[in-house]
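Sequence lines, in order, name chains W and R.
Under the working numbering, the first residue of the first sequence carries the number 139, and numbering increases by one thereafter.
Under the working numbering, the first residue of the second sequence carries the number 1156, and numbering increases by one thereafter.
No lab work stands behind these hints, which were simulated from the structure alone.
Hints are supplied without guarantee of correctness; some may be wrong.
[Claimed, not checked] The calculated BS3-like cross-link candidates involving lysine-lysine, where the alpha carbons are at most 27 Å apart (straight line), are:
no., chain 1, residue 1, chain 2, residue 2
1, R, Lys1329, R, Lys1319
2, W, Lys234, W, Lys277
3, R, Lys1329, R, Lys1289
4, W, Lys234, R, Lys1289
5, W, Lys281, W, Lys234
6, R, Lys1319, W, Lys281
[Unchecked claim] One-sided excerpt, in silico: chain W residues whose CB lies under 7 Å from chain R:
no., residue
7, Arg171
8, Gly249
9, Arg251
Bear in mind the structure is a predicted one, so any value in this text is a computation, not a measurement.
C-beta atoms are modelled at their ideal positions from N, C-alpha and C, and glycine is treated no differently.
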Amino acid sequence: MLPAASAFEIRELSVSYSGVPALSDISLDIPERGVSAIIGPSGSGKSTLLRTLNRMNDLVEGVRIEGRVAFRGRDLYGPDVDPTQIRRQIGMVFQKPNVFPRSIYDNVAYGPRLHHQPGNLDEIVREALVRSGLWEEVKHDLKQHAMTLSGGQQQRLVIARCIAVAPAAILMDEPTSSLDPLATVRVEELISELAADYTIVLVTHNLRQASRIADWTAFLAAERSASGVLHGRLAEVGPTSQLFTAPVDQRTKRFIAESMD
Amino acid sequence: MLLLAAALGAMTLGGLSYRGEMLVAALRALVQLILVALVIAWIFTHPQWAFVYLAVMLGAAAYTANRRIGGDSHDRLGVLLAILMGASATVVIVALTGALSFSAQTLLPFSAQMIGGAMTTASLAGLRLRDDVKDQFPIFEGYVALGATYRQAGREFAHRAAEKSLFPTLDQTKSAGLVTLPGAFVGMLLGGAAPVLAVQIQLLVLIGLLLVQSITALLTTRLISPIDANFSVAQISGPS
Chain W
139 MLPAASAFEI
149 RELSVSYSGV
159 PALSDISLDI
169 PERGVSAIIG
179 PSGSGKSTLL
189 RTLNRMNDLV
199 EGVRIEGRVA
209 FRGRDLYGPD
219 VDPTQIRRQI
229 GMVFQKPNVF
239 PRSIYDNVAY
249 GPRLHHQPGN
259 LDEIVREALV
269 RSGLWEEVKH
279 DLKQHAMTLS
289 GGQQQRLVIA
299 RCIAVAPAAI
309 LMDEPTSSLD
319 PLATVRVEEL
329 ISELAADYTI
339 VLVTHNLRQA
349 SRIADWTAFL
359 AAERSASGVL
369 HGRLAEVGPT
379 SQLFTAPVDQ
389 RTKRFIAESM
399 D
Chain R
1156 MLLLAAALGA
1166 MTLGGLSYRG
1176 EMLVAALRAL
1186 VQLILVALVI
1196 AWIFTHPQWA
1206 FVYLAVMLGA
1216 AAYTANRRIG
1226 GDSHDRLGVL
1236 LAILMGASAT
1246 VVIVALTGAL
1256 SFSAQTLLPF
1266 SAQMIGGAMT
1276 TASLAGLRLR
1286 DDVKDQFPIF
1296 EGYVALGATY
1306 RQAGREFAHR
1316 AAEKSLFPTL
1326 DQTKSAGLVT
1336 LPGAFVGMLL
1346 GGAAPVLAVQ
1356 IQLLVLIGLL
1366 LVQSITALLT
1376 TRLISPIDAN
1386 FSVAQISGPS
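From just these sequences and the hints, can you work out the full model?
See below:
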């Protein structure tokens, strides 16, 4: 644990949807900068945990969140917190590239326009596309519809769109699960590059991906409650190399052995 | 009664549902129209009460449209405002230009028809907005994840939803006289009016409805919340 340099502090977090538990009693620190991965089997609540970090779970009617989630010392669920400001500060990239039905330029410009960001809009768009490694591929086609890009390019466009609002952290929910191997490599390289400047939290079912690009890894185990519902509980967290080579928890050991075969 | 029985029979033969709703609708129409005839006859002799009648109608229209959309009390206020603005814009123009004489006998039925048209459009536009957002939820989420409020994110869908909700009216207007004989026209002919006068009134109604529905569609899709309270977990969470 790195309390001094923690970006996210999660304490005794439990999440349920309409009374059905999804996560139980999670306490976890996520360090500033670098890539932290959340791994675990289906039903362990990885995406749920990720979505509590920028209040995207607010979109679910019936969600109930107990415990504390803080970002840089500020309680994200405090009474005076505006969720839209949280989401602006903590960006999100989804499983499938959800580009907006508009041009490449307008996709990246949406956030800066929405927030009336100061500075030259063309320059903000260019910088975000450069950072996402897409600029050279699209610089002559900025007015082109974003849907014309390949899946991998669309996902990098979504990352550019996210960077354009200058977030402090980026949450990624299985960002390569819909991409082919080559596009996956490009996105993984991009995530590693961005990790120098951003706190990146990555949910992945791909353990090799976690071992390749994550500095820290948390393993969520899926437990069955008395009523038979699967919900997640934190089994183990530590530096990725340690978690993969010398896991302490038996559940982690078993999961890694089964998944890496 | 024979027509209603035939309609119910056709639905039964075809295996269509909503027979109960149709029966209730027909009976409601019967009772409501008898009452309305009495009330309107009374208002024509006491025109100062016309506004009360229209206010009640407006409230009922907003309630009905909002229930169809599945909106909450905030949405109902938005729907009410959308219907009010749409209908009153048209009625004011018609009254000020003298297209209809300024009397309860002309303005009351005209206003009522405009409120009715606005109600239909508000339902269609609101439903369309929410369906579009549900169908393209990942894109809606994308806007929200960049710091947009639900309403700001919904605005990206509002335009298209408003446009689509106008299709029935546009079709009705385009096909007027060719495919269908519109209500006011038929009513006036049945009442013994000259065809030319019937056409004039019908045009006023059709064009008036275009204005009413444009305004109502635009406002409804911007004033109601783009997501309803019935979201399920499955729509949100991916594989975890």
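These are the hints, each one checked on the structure:
Using a Cα cut-off of 27 Å, the hinted pair lysine 1329/R and lysine 1319/R holds, with the two alpha carbons roughly 16 Å apart. Between lysine 234/W and lysine 277/W the CA atoms are separated by roughly 23 Å; this keeps the pair inside 27 Å, and the hint holds. Of the supplied pair hints, the one linking lysine 1329/R and lysine 1289/R is violated, its CA atoms being roughly 31 Å apart against a limit of 27 Å. At most 27 Å may separate the alpha-carbon atoms for a hinted pair to count; lysine 234/W and lysine 1289/R meet this at roughly 16 Å.
Pair hint lysine 281/W plus lysine 234/W holds up; C-alpha atoms about 22 Å apart against a cutoff of 27 Å. Distance check on the hinted pair: lysine 1319/R and lysine 281/W sit about 26 Å apart at the alpha-carbon level, within 27 Å; holds. Because the closest C-beta pair between arginine 171/W and chain R is about 21 Å apart, greater than 7 Å, the hint is violated. Interface restraint check: glycine 249/W against chain R, minimum CB-CB distance 4 Å, threshold 7 Å, status holds.
Checking arginine 251/W against chain R by beta carbon gives a least distance of about 10 Å; that is not within 7 Å, so the hint is violated.
In terms of the numbered hints stated before, the structure departs from hints 3, 7 and 9, listed from lowest to highest.
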